[in-house]
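Residue numbers (the numbering used here), protein chains in the order written: chain A, 1 to 173; chain B, 1 to 242.
Keep in mind that the hints were calculated from the coordinates and are not lab data. Hints should not be assumed to be uniformly reliable.
[As the list claims (entries may be wrong)] Chain A side only, calculated, beta carbon under 7 Å to chain B, not exhaustive:
1. Leu-149
2. Thr-150
3. Gly-151
[Unchecked claim] Ranges of calculated distance between the beta carbons of each label pair, as one might list FRET restraints:
4. B:Arg-238 to A:Ala-81: 25 to 35 Å
5. B:Leu-61 to A:Thr-82: 45 to 55 Å
6. B:His-84 to A:Ala-81: 47 to 57 Å
7. A:Thr-102 to B:Arg-4: 21 to 31 Å
[Claimed, not checked] Just some of the chain B residues that point at chain A, by a computed CB distance under 8 Å:
8. Arg-143
9. Val-154
10. Val-161
Cβ coordinates follow ideal geometry from the N, Cα and C atoms, glycine included.
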Amino acid sequence: MKRPITILSATTVGFVGVLALHGPLTSSSSPLASGPTTTTAPPTPTTSATSPSTTAASVSSPPATSAPTTTTTSAPVSSTATRTAVGKHEYYGYGEMAVKVTVVGTRIVGLQIASLRTAESYSQQLAQQALPILKTEVLQAQGTRINSLTGATYTSEAYAYSIQSALDKLHFK
Amino acid sequence: MISRAEEVMGTVVSFLIDPGPLDEYQVETAIGHACRELHELDDRFSLWKPDSELSRWRDGLISTPSSLMDEVIELCAGAYDVTHGLFDAWALPGGFDPTGLVKGWAAERALDHLARAGVAGALVNAGGDICVLPGRSYEVGIRHPFEPDAMCGVVTVTGAVATSGVYERGAHLVHPFAGPLAGVAATVVGDSLVLCDILATALVVGGAEVLYVIEGLADYEGFFVDPGGSMYASQSMRFSND
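Taking the hints into account, I'd like the entire structure generated from these sequences.
Right under this line is the structure:
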């Protein structure tokens, strides 16, 4: 019953699962690679890297080349610097979400939902006959004795897309 | 306690096992059987695999369903009845879609392997759908629907608990009567994981009307969170941290 470790490991595994599920973040075959980068391709007219963007209806930007050779002119980043970026708002079917990513050097150390908006229709006030119990306190997962966690996890494509765009902002590879 | 995690069914299934009298080899063998069952069910009921039995069934390529498919169809029919049509595996575009209950059902079948092997205690968590062997209680945190690193409550589980949410992977919830969804997340605690799963899904869709259904079921309790963050619970819903 005293097993704070369980939740931590489960969370980590879940997180790894998310990444594994969506493939390597820099892989060009992954749908993630067409993430909404804001950088435009270098003005080389002959490049084949800017092949027509496939699907990705919500992504308006040009396809990310994901070529690992982009040694850009961006300033060198300290390998231990902590940096954060908020990804693009992505439509997830019932609203919009954006993910905040924190990296230290080349490691992702934090993922948070920066904003979550539900669509208008779901925000309608419900005529409830049941008594509402508004819970305001939020328990941090750490430090509470639990054996396991239940909950819907953000592993949707919207989540992944938003993470990718945040990583792109950080020039994270 | 032994813990394991297996990536399967588009999520991570984790095991927490008290081996009791079993030695390590016996426990590993049991986990292996449980995982194989999960992979086989994934192969059979995946919507993402075009040659799965479910995909072929939806495409009209199968005239006689397997006994496992039959069982799932039966469960979906029962789910439709108990939720007054709010859990409707036939309402989704693309045809029959039992994914709302297959994960929980598969987790229970995995747990059966551990029970048959004779472990002293076991918990199977299939992406948030949790079932445990009877005889022990487990504290299960419920993820906060708006804050992924936080919980909104802790429940004591002696049977099963399931959470459904509109932000969940694969939860393409559709209101069969074209109304708005009542909740953004719902959790149900009870004996059978399949029924918890069904009721949690229906709670997200139907909200308060499904709380009344739950009130009528002995040993089942639940709550849902509406888009504004208010929580509505059945009368006997208890949180360990209250």
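Status of the hints after comparison with the structure:
no.: 1; hint: Leu-149; verdict: holds, 5 Å
no.: 2; hint: Thr-150; verdict: holds, 4 Å
no.: 3; hint: Gly-151; verdict: holds, 2 Å
no.: 4; hint: B:Arg-238 to A:Ala-81: 25 to 35 Å; verdict: violated, 46 Å
no.: 5; hint: B:Leu-61 to A:Thr-82: 45 to 55 Å; verdict: holds, 53 Å
no.: 6; hint: B:His-84 to A:Ala-81: 47 to 57 Å; verdict: holds, 56 Å
no.: 7; hint: A:Thr-102 to B:Arg-4: 21 to 31 Å; verdict: holds, 29 Å
no.: 8; hint: Arg-143; verdict: holds, 2 Å
no.: 9; hint: Val-154; verdict: holds, 6 Å
no.: 10; hint: Val-161; verdict: holds, 5 Å
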